[in-house]
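J.: Protein chains in written order, with the working numbering: chain A, 1 to 351; chain B, 1 to 200; chain C, 1 to 561.
Be aware that one or more of the hints could be misleading.
[Unchecked claim] A short list of chain B residues far from chain C (calculated; beta carbon distances all over 12 Å): (1) V25; (2) G26; (3) L32; (4) T112; (5) I159; (6) D168; (7) R169; (8) I171; (9) L193; (10) I198.
[Stated by the list, open to error] Pulled a few chain C residues facing chain B out of the computed Cβ check, cut under 7 Å: (11) P73; (12) V184; (13) T187; (14) F198; (15) F243; (16) G254; (17) A536; (18) P538.
No wet-lab data here; the hints were simulated from the structure.
Where is the CB? At the ideal position from N, CA and C, for every residue including glycine.
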Amino acid sequence: MRRWWLTIAIAIAVAGCAPVAALANDWGMGDSNSRIPPSSVFDSVSTPAHEINTLAFFVVSITTVIFLIVAGLLTYSIVRFRARPGDDGREPPQVYGSNPIEFAWTTVPVIIVLVLILITARTIYTVQAPARPPGALSVHVIAHQWWWEFRYPGLGIVTANELHVPLSDLQSPTPTFLDLESADVAHSFWVPRLAGKTDVIPNKKNSMWIDPHVAGTYLGQCGEYCGTEHAMMLLRVIVEPRADFDRWVAAEQQPPALDASVGHGRRVFESTACVNCHTIRGTAADGRFGPDLTHLMTRETIGAGVAMNTRDHLKVWVSDPRVMKPGALMPAMNLGDKDLDDLVAYLATLR
Amino acid sequence: MAAASSVIPATAARWRETLPRRGHVGILSLILTESAFFSIFVVAYIFYLGKSLTGPFPKDVLSPPILNTVCLLSSSTTIVFAIRALRANSIRTFAIWWFITFALGLEFLTGTGLEWHRLIYHDGLTIRTNLFGSTYYSLVGLHALHVTIGLLLILLVLILTMCGYMNDRHIERTDVLSWYWHFVDAVWVVVFLTVYVIGR
Amino acid sequence: MAGSIDHEIALGAVDERQSLPILGHIHEWVVTVDHKRLGIMYIAGGLFFFLVAGLQAATIRLQLAVPDTGIVPPQVFNRLLTMHGTAMVFLVGMPILTGFFNYLVPLMIGARDLAFPRLNAFGFWLWFFGALLLYFSYIGGDGLYGAGSAPDVGWFAYAPLTELPFSRGNSTDYWILSILLTSVGSTATAINIIATAFCLRCEGMTLNKMPVLVWLAIVVAFMMLVALPPLSAAQAMLLLDRFLGAHFFDTQAGGSAILWQHFFWIFGHPEVYILVIPAFAFASEIIPVFSRKVIFGYSVMVAASCAIAFISLSVWAHHMFAVGMTPAGNSFFAASTMLVGVPTGIKIFNWLGTIWGGKLRFKVPMLFNLAFLFQFLVAGLTGIMLAVAPFDWQLTDTYFVVAHFHYVLIGAIVFMIFAAIYYWFPKATGRMLSETLGKWHFWLFLIGFHLTFDTMHFAGLRGMPRRIYTYQPGRGLETLNLIESIGALVQGIAVLVFVINVLCSLRAGKAAGNDPWDAWTLEWSTTSPPPEYNFAEPPVVRSRRPLWDLKHPEDPDWKYE
Numbered sequence: 001m002r003r004w005w006l007t008i009a010i011a012i013a014v015a016g017c018a019p020v021a022a023l024a025n026d027w028g029m030g031d032s033n034s035r036i037p038p039s040s041v042f043d044s045v046s047t048p049a050h051e052i053n054t055l056a057f058f059v060v061s062i063t064t065v066i067f068l069i070v071a072g073l074l075t076y077s078i079v080r081f082r083a084r085p086g087d088d089g090r091e092p093p094q095v096y097g098s099n100p101i102e103f104a105w106t107t108v109p110v111i112i113v114l115v116l117i118l119i120t121a122r123t124i125y126t127v128q129a130p131a132r133p134p135g136a137l138s139v140h141v142i143a144h145q146w147w148w149e150f151r152y153p154g155l156g157i158v159t160a161n162e163l164h165v166p167l168s169d170l171q172s173p174t175p176t177f178l179d180l181e182s183a184d185v186a187h188s189f190w191v192p193r194l195a196g197k198t199d200v201i202p203n204k205k206n207s208m209w210i211d212p213h214v215a216g217t218y219l220g221q222c223g224e225y226c227g228t229e230h231a232m233m234l235l236r237v238i239v240e241p242r243a244d245f246d247r248w249v250a251a252e253q254q255p256p257a258l259d260a261s262v263g264h265g266r267r268v269f270e271s272t273a274c275v276n277c278h279t280i281r282g283t284a285a286d287g288r289f290g291p292d293l294t295h296l297m298t299r300e301t302i303g304a305g306v307a308m309n310t311r312d313h314l315k316v317w318v319s320d321p322r323v324m325k326p327g328a329l330m331p332a333m334n335l336g337d338k339d340l341d342d343l344v345a346y347l348a349t350l351r
Numbered sequence: 001m002a003a004a005s006s007v008i009p010a011t012a013a014r015w016r017e018t019l020p021r022r023g024h025v026g027i028l029s030l031i032l033t034e035s036a037f038f039s040i041f042v043v044a045y046i047f048y049l050g051k052s053l054t055g056p057f058p059k060d061v062l063s064p065p066i067l068n069t070v071c072l073l074s075s076s077t078t079i080v081f082a083i084r085a086l087r088a089n090s091i092r093t094f095a096i097w098w099f100i101t102f103a104l105g106l107e108f109l110t111g112t113g114l115e116w117h118r119l120i121y122h123d124g125l126t127i128r129t130n131l132f133g134s135t136y137y138s139l140v141g142l143h144a145l146h147v148t149i150g151l152l153l154i155l156l157v158l159i160l161t162m163c164g165y166m167n168d169r170h171i172e173r174t175d176v177l178s179w180y181w182h183f184v185d186a187v188w189v190v191v192f193l194t195v196y197v198i199g200r
Numbered sequence: 001m002a003g004s005i006d007h008e009i010a011l012g013a014v015d016e017r018q019s020l021p022i023l024g025h026i027h028e029w030v031v032t033v034d035h036k037r038l039g040i041m042y043i044a045g046g047l048f049f050f051l052v053a054g055l056q057a058a059t060i061r062l063q064l065a066v067p068d069t070g071i072v073p074p075q076v077f078n079r080l081l082t083m084h085g086t087a088m089v090f091l092v093g094m095p096i097l098t099g100f101f102n103y104l105v106p107l108m109i110g111a112r113d114l115a116f117p118r119l120n121a122f123g124f125w126l127w128f129f130g131a132l133l134l135y136f137s138y139i140g141g142d143g144l145y146g147a148g149s150a151p152d153v154g155w156f157a158y159a160p161l162t163e164l165p166f167s168r169g170n171s172t173d174y175w176i177l178s179i180l181l182t183s184v185g186s187t188a189t190a191i192n193i194i195a196t197a198f199c200l201r202c203e204g205m206t207l208n209k210m211p212v213l214v215w216l217a218i219v220v221a222f223m224m225l226v227a228l229p230p231l232s233a234a235q236a237m238l239l240l241d242r243f244l245g246a247h248f249f250d251t252q253a254g255g256s257a258i259l260w261q262h263f264f265w266i267f268g269h270p271e272v273y274i275l276v277i278p279a280f281a282f283a284s285e286i287i288p289v290f291s292r293k294v295i296f297g298y299s300v301m302v303a304a305s306c307a308i309a310f311i312s313l314s315v316w317a318h319h320m321f322a323v324g325m326t327p328a329g330n331s332f333f334a335a336s337t338m339l340v341g342v343p344t345g346i347k348i349f350n351w352l353g354t355i356w357g358g359k360l361r362f363k364v365p366m367l368f369n370l371a372f373l374f375q376f377l378v379a380g381l382t383g384i385m386l387a388v389a390p391f392d393w394q395l396t397d398t399y400f401v402v403a404h405f406h407y408v409l410i411g412a413i414v415f416m417i418f419a420a421i422y423y424w425f426p427k428a429t430g431r432m433l434s435e436t437l438g439k440w441h442f443w444l445f446l447i448g449f450h451l452t453f454d455t456m457h458f459a460g461l462r463g464m465p466r467r468i469y470t471y472q473p474g475r476g477l478e479t480l481n482l483i484e485s486i487g488a489l490v491q492g493i494a495v496l497v498f499v500i501n502v503l504c505s506l507r508a509g510k511a512a513g514n515d516p517w518d519a520w521t522l523e524w525s526t527t528s529p530p531p532e533y534n535f536a537e538p539p540v541v542r543s544r545r546p547l548w549d550l551k552h553p554e555d556p557d558w559k560y561e
C-alpha cells in the first residue's frame, strides 16, 4: 500500500520536471520584458484605460460588498444551523416561502443592476464615441497572421510590430487614432495599459484611440485566437515625447543609406524570394505579404516580438524562422553560410 | 391507449385523459426546434440582401412561384379533409384526399426543381456564384428537404392505405404527421415572403 | 407504497441477470431502451470523456507551468485546447446532465419510462458515434493537403479561420460533423423530456406538484430546442462554404465573420445555461434533504428559472463586446446580461432560505453542494464584472474569462455533478459510495480548484490572453501560472480518488436500501436499483413531497401548499 503512493509521487515529480527540462530559448525576451512593467489592466496611462478602471473600481466594490454579505450569511447559516451531535432527530419547522422576503431580495438587486447599467452605458459612450479631432494622428493597423503592419498614411511611413506614438498631455490631449483592418482572419489589438481590446476583423473597419500621457514602452499582443502562432503575435507601443517622435518620423521617411560594403548581401536579398514578400524602400523589393524591412534595425524585436533584434537572432530567423516561431508562414530560406552572413550584414544596415 | 385503461384503475384513467397526448407534444417540440433552425437561414438571407459583390441579383432572376405555392398551401387543406375522413373511418375518402395531398406536394417539388434548373443552366446562379446564390439555395433547399421528408412519410401512409392496413385506430399518428405537413407549409409562407417579396 | 412488493421480484431479476454470460450482458445494454440504463450509459460515457479531456487539460497546464516550454509544439497545443473545450461541453457536460434527467425524470413523476424510449436509445447512440467521430479526427483528420488531425480552431471555431484557406485538411470538418451528430442526440432527449413531463405524470401530480428538478428539466429541454439549432445551422453553412463553395463566412466575397459569431453565441450563451440549470436542479433536490427542510419559495424558484431561460436568449453578444458593435448595441447587451443576474441571485437567496433554520447534515453530497453555493456566487459576480462592457474590453479573451467560466463549469457544474453522483449512486446501484474517500475527494478537489482558478483571474488582469501555447518570461506571469498548474495536479489526484471510490463501491459498497438519505421524492419509494418498470403500481400523490406525507401523516405537505 505504501509503495503504491510512492510510485505515484515519483511519477508526479518526474512529470513536474518535464516543463523545466523542456525550457526553450527565450531569445533575450525575458530580459527585455523584465525591464518593462507588467501589462496590468489596472496600471493605466491612457484615457480609455483610465475610464475603464474607474468603472471597474466601482463595479468591483459593489460586487465585493455583495459577496461579503451573501457569503457571510451562507457561512453563518452553515455554522449556526448544523445538526448537533445530541440531536433529537425531529425535523425543523418547514418554511415554504415568504412573499415579502422574495420581494425584498428581488427589488434590491434590480436597483443595483439599474445603477450599474447607467454608469456602464456612460463609459461605453465616452470611450467608443469620441469625435476624431482634426489633425489627430491616424495610424492604419493591418493585422496579419502573425504580425502587425502599421501604416501612417499622412506621414508616408510603413513599419511593423512596434507602434510609435507621440506622448499626449493630460491637459491638452493629442490622441492617436488606430484604424483596424485584417488581411486574413480575426485578430484583436490589445495593449492593456493603454485601452481595452478592439477586434480586427476582415471585411470590417473598426477603430480605437489612445492618448498615453506617460512615455515608455508598453507591451501588448493579439487578443483573438488566430491560428498557430497566435501566442507570438506580440506588439509594442513606444510612446515618445513630441520631439523624439518627430525625429523618429523623419528618420523613417528617409530611405535607408546605401552601404557599398554589404553590396553582396543586398544582391542576395534582391535575387532570392525575399523580394516577393518584403518591401525595402528605394530597392526593387516591394512585397506586401511580410513586414516592411526598410528600417528593420530601428525595431527592438523581430518576428513580432519573439526574439530581440540582434545579428545572431536575425541569422537564426532568416535561416529558419520555425526554430523561433514554429508555425511562422515565412519559409526557411536555405541559404549557404556565406550568403546568409552577407545577407544578415546587409539587413543590419537597414536603420 | 384505449386497451390500457381496462388495466389501470378508473381514477388513473380519468387523470390520464386530462394530460396531453405525447405524439402531439412531441411534434410541437420538433416544430419549435425546426422553426429555430429555419430562422437562422432566414436571418442569413435577409442579412445578406444587397451584399452580393457580383450578379446575378434577385430581381434579375427570381419570379414568384405562384403555382407551386398554391399547390403546397392547398395540400394543407386537403390533408385536413383526409384526417377528418380517417377519424370517421371512411377509408376510401381518406385515401382519395391523402393521394391528392401527395400529388400537390409532388407538384411543388417538381416545380422547385424546374425553377432551379432554369436558375442554374439559364441564369448561371449556383450556390457558389455569390452571397445571393449561397443564401437562396440553402434556404429554399432546406425547405425542399423538409417537403421531401414529408412526402416520403405521406407516401408510406399511402402505400399502407392501398394495402388495406389503415383504419381509424391510427388517427393519432396520422394527425401528428399532418401537423408536420402544416408546419412545412407554414415555413413556405415565410420563405416565400422572404425570398420573393421582401428580397426582390 | 408500491416499493416493498417489487423487492423480491427485483432481486430475483438481478440474480438471473448475473448468471448470463458477459456477451449477453453487453447485448442487453446495447439494445436497451430503458431510460435508467440509457441514463447510466450517458453518464458513464460523459465521465469517460471527462477523464480524456481532463488529461488534455493537464497537458495544457503542464505546458504553461513555466514560460517558453517546448513540451508540445504550438500545433499540438492548439488541438489540445480545441478538443478540451469541445469535449468538455459536448461530450462531458451535455451527456452527464441529460443522462441524469434521463434517469430521474420518469422516476420522479411516477412514470414507467420516458415518452419515447426508442427515440431515447437512438439519441444516445447518435451521441456516442458523434463522440467517437470527434476523437477519430486524431487518426483520420489528414485530408488531401496533409494538414489535418484533430481540430485546432478553438471550441467556438470563429470564421474565417475555419474557412478552407485557413483550415486545410479535414480537421474542422470533424469538428462540424461530430457536433451535428451529438446535437441531434440532445434534441431527441429534449423532445423526450418535454413529452414525458407533460404527458406521463402520475395521478395527482399537477405541474405545480412536480419536483423542482423536473421543472428545470423542462426548462432546459425547451432551451435545447431553441438554442441548439442556431449552432447546427451555422455549422451547416460552414460545411456548405467548405464543400460547395458557398460564401456565408467568406469575407473575400462580402461574407461576414461577425455573422458566425452572432449565430454561434445565440447558441453559445443559452448553452451555458443549459449546462448550469441542471446544476441548479440537483441543488434544489439535495439542499432540502440535507437541511431537513422544504425548498424555500418553490414557485419563485420555478419562475426565476423560466426568467433565466428567457432572458438568456437575449444576452449573447456579451461575448462580442470587442468586435466593434455600436455603443447602443453594447449598452443593450450589457443591460440584458446584468438583468439575468437578478433571477440567478434570487435562486441563491432561496437556497440560503432553505438552509436557514434547518438541521444541516454534512454528508458528501452536501459538502459539494455547499461549495457550489459559494463558488457559483463568485462566478456570478465575476460575470457581472464581465457584463460591464468597458471592463470586458480589457478582460475578454484573457485568462480572467477562462477563470470565470471554469468557476461556473467546474465550481458550479462539476461540483454539482459530483454531488448528484454521490446522492443518486445508491439509488442506481444499490450501494453507497464511501464517505471517507468521498471526503478526501471533496477536500482535494476543492483545494486544487481554488489554487488554479482563483489565481487565474489575476493572470488575465496582468495581460495574459487565452489560447496561447506559451508566454514569455519577464511578463509577471510565471508564478501565477505555476500555481495554477500545481492546482491542476491536485485536482487530478482528487479525480483519481473519485474513480477509485466508484470502482471499489461498485464491487463492495455498503448496501443502500430504498431511501438512504431519508428523502421525499418518488424515486426513493422504489427499490435500489429500481426494477425495470420502476413502480409496480403507478403512485398517487397529493403534494410536492409524497414521501414526507407518508413519513409525517400528522403534518403532511398538502395542508400547507
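J.: Give a verdict on every hint.
T.: Hints, verified against the model:
1. V25: violated, 4 Å
2. G26: violated, 5 Å
3. L32: violated, 5 Å
4. T112: holds, 18 Å
5. I159: holds, 22 Å
6. D168: Nearest chain C Cβ is 21 Å from D168 of chain B, so the label holds.
7. R169: holds, 19 Å
8. I171: Answer for I171 of chain B: holds, closest chain C Cβ roughly 17 Å.
9. L193: Per Cβ check, L193 of chain B is outside 12 Å of chain C; nearest 19 Å; holds.
10. I198: Fine: 18 Å to the nearest Cβ keeps I198 of chain B off the interface.
11. P73: violated, 35 Å
12. V184: violated, 10 Å
13. T187: holds, 6 Å
14. F198: holds, 5 Å
15. F243: Constraint on F243 of chain C not satisfied, violated at 10 Å.
16. G254: Because about 5 Å separates G254 of chain C from the closest Cβ in chain B, which is inside the 7 Å limit, the hint holds.
17. A536: At about 12 Å, which exceeds the 7 Å cut-off, the nearest Cβ of chain B leaves the hint on A536 of chain C violated.
18. P538: Nearest chain B Cβ about 6 Å off; hint holds.
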